[in-house]
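For this one, chain A is given, so just place chain B on it according to the hints.
Heads up: the sequence lines are chains A and B, in that order.
When we follow numbering that gives the first Met the number 0, the leftmost residue of the first sequence carries the number 0, and every step to the right adds one.
When we follow numbering that gives the first Met the number 0, the leftmost residue of the second sequence carries the number 0, and every step to the right adds one.
Simulated from the structure, these hints should not be mistaken for laboratory data.
No false leads were slipped in.
When chains are identical, the list treats them as one kind, so a pair holds in a single copy or across two.
Once the Cα atoms are required to be at most 30 Å apart in a straight line, the calculated BS3-like pairs of lysine-lysine come out as:
#1 K167 <-> K226
#2 K53 <-> K29
#3 K75 <-> K29
#4 K53 <-> K390
#5 K176 <-> K199
#6 K167 <-> K103
#7 K75 <-> K392
#8 K392 <-> K53
Nothing here was measured: the structure is a model prediction, and the numbers come from that model.
There are 2 protein chains.
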Amino acid sequence: MSDFRRTKAMFHLPEGVIYLDGNSLGPLPKAACDHVSDMMRNQWGEMLIGGWNKAGWMRLSTDIGDRIGRLIGAAKGSVITGDTLSIKVYQALASALELNPKRKVVLSDNGNFPSDLYMAQGLLHSLGSDYELRIVSPDNITENLTNDVAVLMLTEVDYRTGRRHDMKELTAQAHAKNVITIWDLAHSAGAIDVDLTAAKADFAIGCTYKYLNGGPGSPGFIYVAPKHADSLRPALSGWLGHEAPFAFDLEYRPGAGIERMRVGTPPVIALKSLEAALDIWDMVEMRDIRAKSMELCDLFISEVETRCPNLSLASPRDARNRGSQVSFRFREGFAAMQACIARGVIGDFRAPDIMRFGFTPLYIDEGDVITAAGIIEDVITNNLWDRPAYKIKGKIT
Amino acid sequence: MSDFRRTKAMFHLPEGVIYLDGNSLGPLPKAACDHVSDMMRNQWGEMLIGGWNKAGWMRLSTDIGDRIGRLIGAAKGSVITGDTLSIKVYQALASALELNPKRKVVLSDNGNFPSDLYMAQGLLHSLGSDYELRIVSPDNITENLTNDVAVLMLTEVDYRTGRRHDMKELTAQAHAKNVITIWDLAHSAGAIDVDLTAAKADFAIGCTYKYLNGGPGSPGFIYVAPKHADSLRPALSGWLGHEAPFAFDLEYRPGAGIERMRVGTPPVIALKSLEAALDIWDMVEMRDIRAKSMELCDLFISEVETRCPNLSLASPRDARNRGSQVSFRFREGFAAMQACIARGVIGDFRAPDIMRFGFTPLYIDEGDVITAAGIIEDVITNNLWDRPAYKIKGKIT
Numbered sequence: 000m001s002d003f004r005r006t007k008a009m010f011h012l013p014e015g016v017i018y019l020d021g022n023s024l025g026p027l028p029k030a031a032c033d034h035v036s037d038m039m040r041n042q043w044g045e046m047l048i049g050g051w052n053k054a055g056w057m058r059l060s061t062d063i064g065d066r067i068g069r070l071i072g073a074a075k076g077s078v079i080t081g082d083t084l085s086i087k088v089y090q091a092l093a094s095a096l097e098l099n100p101k102r103k104v105v106l107s108d109n110g111n112f113p114s115d116l117y118m119a120q121g122l123l124h125s126l127g128s129d130y131e132l133r134i135v136s137p138d139n140i141t142e143n144l145t146n147d148v149a150v151l152m153l154t155e156v157d158y159r160t161g162r163r164h165d166m167k168e169l170t171a172q173a174h175a176k177n178v179i180t181i182w183d184l185a186h187s188a189g190a191i192d193v194d195l196t197a198a199k200a201d202f203a204i205g206c207t208y209k210y211l212n213g214g215p216g217s218p219g220f221i222y223v224a225p226k227h228a229d230s231l232r233p234a235l236s237g238w239l240g241h242e243a244p245f246a247f248d249l250e251y252r253p254g255a256g257i258e259r260m261r262v263g264t265p266p267v268i269a270l271k272s273l274e275a276a277l278d279i280w281d282m283v284e285m286r287d288i289r290a291k292s293m294e295l296c297d298l299f300i301s302e303v304e305t306r307c308p309n310l311s312l313a314s315p316r317d318a319r320n321r322g323s324q325v326s327f328r329f330r331e332g333f334a335a336m337q338a339c340i341a342r343g344v345i346g347d348f349r350a351p352d353i354m355r356f357g358f359t360p361l362y363i364d365e366g367d368v369i370t371a372a373g374i375i376e377d378v379i380t381n382n383l384w385d386r387p388a389y390k391i392k393g394k395i396t
Numbered sequence: 000m001s002d003f004r005r006t007k008a009m010f011h012l013p014e015g016v017i018y019l020d021g022n023s024l025g026p027l028p029k030a031a032c033d034h035v036s037d038m039m040r041n042q043w044g045e046m047l048i049g050g051w052n053k054a055g056w057m058r059l060s061t062d063i064g065d066r067i068g069r070l071i072g073a074a075k076g077s078v079i080t081g082d083t084l085s086i087k088v089y090q091a092l093a094s095a096l097e098l099n100p101k102r103k104v105v106l107s108d109n110g111n112f113p114s115d116l117y118m119a120q121g122l123l124h125s126l127g128s129d130y131e132l133r134i135v136s137p138d139n140i141t142e143n144l145t146n147d148v149a150v151l152m153l154t155e156v157d158y159r160t161g162r163r164h165d166m167k168e169l170t171a172q173a174h175a176k177n178v179i180t181i182w183d184l185a186h187s188a189g190a191i192d193v194d195l196t197a198a199k200a201d202f203a204i205g206c207t208y209k210y211l212n213g214g215p216g217s218p219g220f221i222y223v224a225p226k227h228a229d230s231l232r233p234a235l236s237g238w239l240g241h242e243a244p245f246a247f248d249l250e251y252r253p254g255a256g257i258e259r260m261r262v263g264t265p266p267v268i269a270l271k272s273l274e275a276a277l278d279i280w281d282m283v284e285m286r287d288i289r290a291k292s293m294e295l296c297d298l299f300i301s302e303v304e305t306r307c308p309n310l311s312l313a314s315p316r317d318a319r320n321r322g323s324q325v326s327f328r329f330r331e332g333f334a335a336m337q338a339c340i341a342r343g344v345i346g347d348f349r350a351p352d353i354m355r356f357g358f359t360p361l362y363i364d365e366g367d368v369i370t371a372a373g374i375i376e377d378v379i380t381n382n383l384w385d386r387p388a389y390k391i392k393g394k395i396t
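Isolated chain A, as found in the complex (with noise of 0.2 Å):
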């Protein structure tokens, strides 16, 4: 059984503040600073270029690629870290299209990740104008399987409300339909339970800064489905890609498997604040965390709704529909969310108006959802958002 004090003790959290937005930014594991500091000193700083091989730097990749890849119901070998989730979206959708060579839609939904539709119309774009990104709404998605889609791109927990798609249901019919599908685990990803493997996914991405705790700008992930990944040609076909990247040879050969999705020199510092991060999700079973992280959501949507009744509920009602964030919506969301922040319940906003709160039992506890609960109360029925220093907007939070 996963020891969720001991988890939340490993954590750094603020005095006073219940961080309710570790689905944008996960906060700082408290090994990660030492972490980081020993690979600059002791190796950087001693080995030099040894610390490729002596440091094992150059497994880095691949060896934390599997430790997500038990997250996520992926086999060993299927799952490379590197990046940003925005390249690895492209590597994946350039993959898939070539698994489909006859079909030229990409059908997405608007829930998906902006981010993600916007690497598509490059994507796309570059191939040439025969090919389509078609979006949908998310509802919409199986009368739309039609056969002229060559693949399947969504997101399954959406960014706004926390709806999650079925990713086994929808992959099957899509398979039905002959129709590659590709699933961005950005909200999923250390937040709900993934079985890839069972769900027969052809290729996901995600990131490791919001679920996984990572730090800023910690790098993407790509899984690829085991019977293609000796199939596919890299559209970034890096070096480290490469069958023997220390040849120097001028023609790209691509190396095995998954370590063909590899692009250039991994990101090696920001790799070892990761692998301070799944030291804590080594200690813990997604079961309980998903089972947990269900019930903390629960109970802030009865206490939510019991103390302030003109907010509204955006996120599905069903916890098995939804990833592990709750989201209300309220006219004054931005104004009422940077009151909230102001007092220390730290989540936050999504034009128009939603109020969005991520909840992970990593650090997150009974205990602070009533007391975020108790503020947020404050803060909708005393008006305590109707202030002009609340209602800047332009800011990231």
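Structure of chain B alone, referenced to chain A:
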């Protein structure tokens, strides 16, 4: 006048080591570790998500870009950091090809980094079979600037021999034939006097873990000539290159100028290490670096040629045609380099027979050059390389 005794004292250099491999991975700036720790503890730890604004994380990519820009003759606002060099090659080439849409040939040479050629191969494959990567000898660029060439993509300084292209002359020749230019500065930035503005280069890219000392896997950078910056369509169109990333629009609209070359979330921890490294660069002038580097390299050539007549110079003899490295050919170069490394002189080896030594006045002085030459002499003249342990290949050195 740049004070190189002062800069040398700002690096951690292990006892008994003369580090002549800063062109693979620069050494640790003493201040980098504390600078990163401070960011992790006091910014990430205390400000959490608020760090993006309060600590200026969102501006780091351009602020650091401008500091690199000073070293390579780039105007303010024309350089941005992020991703890896390989990704930046892809961005530059995709945009360059769109500036010259009627032509389909990318011209490069076999002295270019293989990774740059690999990235080009990946991109051209995606663009279609009418595109061609044409690789010629570095001596034959001029006559190959034919009227089907869209883009000339070269690395200024050859990573094996240190041979330097004449950027200004080749750019002028290319422009005379309506060819767009991309210059890879991986072995130029911080090594030699680069003036992108005077050379009228269209694009440049580089990395920051070699001469700039940002640390293993430190991000890449890209320069776009101001005249092009507002007209480019980024192939890698990520959310942070969007005009309004936090509007979360479904349609991509490029940000102003160089901003559109951002892709995903910037790697803040890595950028902080680089920031500390650039504090040292802020203390020196590139013309002083170049003058001193030429002296050091000339001294090294003279010392090694006197002491080791069986090593043959692989680098140009005229310092003006050379980067900031000196390479010698020696049949048993791999084993000889291992023997040098075992004796504290760290250079590296490039197949088939090149012993490569990088020099930078920031932390290498005349005394180091003489001592290193003495150790190399000992290894070569006394056949100290002739031991089985030194002949095991497959290492990154």
